[in-house]
Amino acid sequence: MSSSYGGYHSQSYAPSAPEQPPYSNYNHTSSSTSNSSSSSFPAGTPQDVIRSFQMVDRDRSGFIDERELHQALSSGFHHFNFRTIRLLLFLFKNPHQPLTIGPKEFAALWSCLGHWRGIFERYDRDRSGKIDPLELRDALYGIGYAVPGSVLQLLLSKYGDGSGRRVELGFDSFVD
Numbered sequence: 674m675s676s677s678y679g680g681y682h683s684q685s686y687a688p689s690a691p692e693q694p695p696y697s698n699y700n701h702t703s704s705s706t707s708n709s710s711s712s713s714f715p716a717g718t719p720q721d722v723i724r725s726f727q728m729v730d731r732d733r734s735g736f737i738d739e740r741e742l743h744q745a746l747s748s749g750f751h752h753f754n755f756r757t758i759r760l761l762l763f764l765f766k767n768p769h770q771p772l773t774i775g776p777k778e779f780a781a782l783w784s785c786l787g788h789w790r791g792i793f794e795r796y797d798r799d800r801s802g803k804i805d806p807l808e809l810r811d812a813l814y815g816i817g818y819a820v821p822g823s824v825l826q827l828l829l830s831k832y833g834d835g836s837g838r839r840v841e842l843g844f845d846s847f848v849d
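For the working numbering, add 673 to where a residue sits in the sequence shown, where the first one is 1.
Hint data in this document are derived by calculation from the structure and do not stem from the laboratory. Idealized CB from N, CA, C, for every residue including glycine. Do not rely on the hints blindly, as some may be mistaken.
[As the list claims (entries may be wrong)] Subject to a maximum C-alpha distance of 35 Å in a straight line, what follows is the list of computed DSBU-like cross-link-like pairs (lysine-lysine):
1) Lys803 <-> Lys831
2) Lys777 <-> Lys803
3) Lys777 <-> Lys831
[Unchecked claim] Between beta-carbon pairs, the in silico distance windows are:
4) Leu828 <-> Met728: 32 to 40 Å
5) Gln770 <-> Val820: 33 to 41 Å
6) Phe763 <-> Arg733: 34 to 42 Å
7) Asp732 <-> Pro821: 44 to 52 Å
8) His788 <-> Gly822: 22 to 30 Å
9) Asn754 <-> His788: 17 to 25 Å
10) Gln720 <-> Arg790: 17 to 25 Å
11) Gly822 <-> Ser734: 44 to 52 Å
12) Asp799 <-> Asp834: 36 to 44 Å
Let's have the full structure, built from the sequences with the hints guiding it.
Below you can see the structure in the form of structure tokens.
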């Protein structure tokens, strides 16, 4: 299966991974910016997504940067760390633009995060708001990745604080 993020196509071997939303448009064209960024959203974009974008687009440029994306996503989903925000911005931005995203990219990102939130909640069986190592193993397996225990420990060590305590991932680290 092939997936497309931010205009880049990559081969994906995760059969249950979130799909590109049906209303997203990754074929970017050059257009002039208007003061009404809601007209630039794909048809069918939920009003709460449009409002979230407009609330943080203070200069009404029709594009939001890293700081604004952090503010929008942290109010709508979860408090994301800036490492995850930078990754999402890079994945969803127009490859011909600086590190900003417009309404179409924002709508696609919001939809994708909704899919990932569903996966996260499905495998957070104890409803702790964190994914423990067993839940992570099951989540990875559930989306098509049979990850050996040693690789799983290596993945989790990326998020550890060096104390040797058991690592659990919040939603932002799960996405990251």
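Tested hints:
| no. | hint | verdict |
| --- | --- | --- |
| 1 | Lys803 <-> Lys831 | 16 Å, holds |
| 2 | Lys777 <-> Lys803 | 30 Å, holds |
| 3 | Lys777 <-> Lys831 | 32 Å, holds |
| 4 | Leu828 <-> Met728: 32 to 40 Å | 34 Å, holds |
| 5 | Gln770 <-> Val820: 33 to 41 Å | 35 Å, holds |
| 6 | Phe763 <-> Arg733: 34 to 42 Å | 24 Å, violated |
| 7 | Asp732 <-> Pro821: 44 to 52 Å | 48 Å, holds |
| 8 | His788 <-> Gly822: 22 to 30 Å | 27 Å, holds |
| 9 | Asn754 <-> His788: 17 to 25 Å | 20 Å, holds |
| 10 | Gln720 <-> Arg790: 17 to 25 Å | 19 Å, holds |
| 11 | Gly822 <-> Ser734: 44 to 52 Å | 48 Å, holds |
| 12 | Asp799 <-> Asp834: 36 to 44 Å | 21 Å, violated |
Consistency note: the structure conflicts with the earlier hints numbered 6, 12.
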